[in-house]
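The hints should help you fit chain B onto chain A, whose structure is shown.
Protein chains: 2
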Amino acid sequence: MKFSINRRFFFNKINMVSRAISVFSPLPALSGIWMDVRKDSIVLTGSDSNITIQTTIYKGEMNNLEIESTGSIVIESKYLSEIVRKLDSEFIDVELIDYTLVQISSPNGKFNLNGIQASEYPEINLERPENHFVLNRDDLTAIVNQTVFACGNDDQRPVLKGVNFHAKGKTLYCSGSDSFRLAYKKIELNEPQDFNITIPTKSLIEVQRSIDETIDAVDVYADTKKIQFIFDKTIFQSRLIDGNYPIVERIIPNQFIAEMRVDTQELAGVIDRTAFIRTDKIHVIKMECSEMVTRIKTASTEIGNSDEVLTDCVYHGDDLRFSCNGTFVTDALKALGGEKVRLQFSANQGPILISNPDDTSTLMIIVPMRSHD
Amino acid sequence: MKFSINRRFFFNKINMVSRAISVFSPLPALSGIWMDVRKDSIVLTGSDSNITIQTTIYKGEMNNLEIESTGSIVIESKYLSEIVRKLDSEFIDVELIDYTLVQISSPNGKFNLNGIQASEYPEINLERPENHFVLNRDDLTAIVNQTVFACGNDDQRPVLKGVNFHAKGKTLYCSGSDSFRLAYKKIELNEPQDFNITIPTKSLIEVQRSIDETIDAVDVYADTKKIQFIFDKTIFQSRLIDGNYPIVERIIPNQFIAEMRVDTQELAGVIDRTAFIRTDKIHVIKMECSEMVTRIKTASTEIGNSDEVLTDCVYHGDDLRFSCNGTFVTDALKALGGEKVRLQFSANQGPILISNPDDTSTLMIIVPMRSHD
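These protein sequence lines map, in sequence, to chains A and B. According to UniProt numbering, the first sequence is numbered sequentially starting from 1. According to UniProt numbering, the second sequence is numbered sequentially starting from 1.
Just chain A, with the same shape it has in the complex:
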């Protein structure tokens, strides 16, 4: 196994597949990158057994790849990545010099790394799942930014540790929820689809990070067990989370007793100023809403209390008093963006629907907290 290649190009590819590799790998071989040098290409694979990333480098790309001999080896990803990143030459040589010893060399330096035999790398099924759709990079980014934050982190309810993709007809409904709040986003698809899967948040975040600005859209393939994102000679595969995702449409309120429109920045600022008070590490705020005045209060016997009035705020409907997690509201405002935000109240102590009045494709639902006064 021997080849030479443009260092920067090679580094970017190593970096790409390294995203899948965990430092806490259960299998020693999985802490490495499987490098398979073929006649006209190099296939790099990284995996933590949940996420697998495989990319192929072809001769003739802008990478000056010259393959002298073929072969296959697994190399510890962190060392390989560090050496290739730090080398100061434009091109590097990579060669299997002795059994499992791999030499990476520049004109002045030789770096030898102990590898692992390729036969020890686990077999990973990268067969393509059946359902296919296309996702724009912008949509994928929006899904990650607008739903992942609301997902749970509780091993007792693993299904909430992912974002649910529910396709019905030409609409994809993406939901993230930790059972106290829900982030819900609609995406239009080109072709009708019918599936209901839950993707681990980590996988979604990593695939989004892997896709650079040169890529407009990715091909997505999914079945009930796994999902693949295909882009730039790369397969990004993730296992799905087993289990039935809650039917979120039942949670979204559609009748309201009151509505508030408020400047997003102002509401975010007022809530942020109450963050110095936390009760059991939770940032509890109390809202007192009437058509006369809306106040956000907070109190702790130990630290002190606060009381601030919203100025750029219009409120219609019943008087309301409730407590909720201020961080949840701040997260929702950040995810929505927009100058103005609308809060719709379904009942006293009932779920609150937060949305951008100009774009209702994304909805945030927050459940108030039981308060003790």
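Hints were generated in silico from the structure; no laboratory data involved. The C-beta atom is built at its ideal place from N, Cα and C for all residues, glycine as well. Some clues are possibly wrong.
[What the hints assert, rightly or not] Sample of chain A residues with no beta-carbon within 10 angstroms of chain B, all distances over it, derived:
hint	residue
1	F9
2	D93
3	N108
4	N136
5	R137
6	D139
7	I215
8	A275
9	I282
10	N305
11	S306
12	K340
13	A347
[Stated by the list, open to error] No more than 20 angstroms apart at the CA atoms, straight line, and that leaves these computed lysine-lysine pairs for PhoX-like:
hint	chain 1	residue 1	chain 2	residue 2
14	A	K286	B	K110
15	A	K86	B	K297
16	A	K110	A	K86
17	B	K59	B	K39
18	B	K281	A	K78
Using the frame of chain A, we list chain B on its own:
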């Protein structure tokens, strides 16, 4: 106690004295800022009992300070600082509204914090020590950047946890050492002095951070127990470290068997590329020097090995082979700056003197490691 003030000005002053405050304060009152509102000024004090920072805000500065009534209170620094930072108004009111309850208010919001009675704040002696000299901000910055990194962190030898300031005549010798390396810097003083003190590294770092670009020089007062830096209506006081500092002049070699001149960037790059190999978390490099070629090698049975040649390097003297801590060399190069660096070798396995050939006011000494091959 009641006053109003420009919010940003007040925040900067709170921030300044907060630097002295530790989150792990032994005394509850020391987690707060002591705010003493007098007729024409406000005195803010923060302390962790080792470092004390006291700053005075006078009426008539560009701060719109209006004092309605005097008084004294201690307020938890992290809450005060967070509220004053986040408020969105240009001016704020601060008032003791009930026993120890302090109200900070803007036009739309009221924030009440539970304070602590001023009588519970410990007495801190801020009397001025006897010896006086002036230190330029640039010199202070250079001392921090060029000596602190070399200091020790071992409670067994507390004196090495500080930078030694040894004044003899019109020269101040500043030394940082962890006993395996020494950073040694000479500063010219305006007037002759005679003292030998050791300042905790934390204090030096904090005082340097506290001094902004508007301040050219600070007045320094010191005796055997404490040091004060005076600038911008602020006293920055630190306890000194007890104990005799080693006589560093004995360590600095002055006879050499070999000398190397090398491009600083290249040497730093070559050493950095060996950093993937660590033995018991230490970055051990092996240097092989001769007039023909200089190599930097490293090896580990587990990970692999490396071997790189220095190209922009001139070496005169005996052939040498030794091991040393690569991180120490990198730290020294970073502290020295300069395009070229000179390494002077006192003996085989003897201390190495590293300096910038154009500026010998700063010296770095590194002791090689015993190698087992």
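### Query
Okay, which hints does this one fail, numbers in order?
3, 8, 10 and 11
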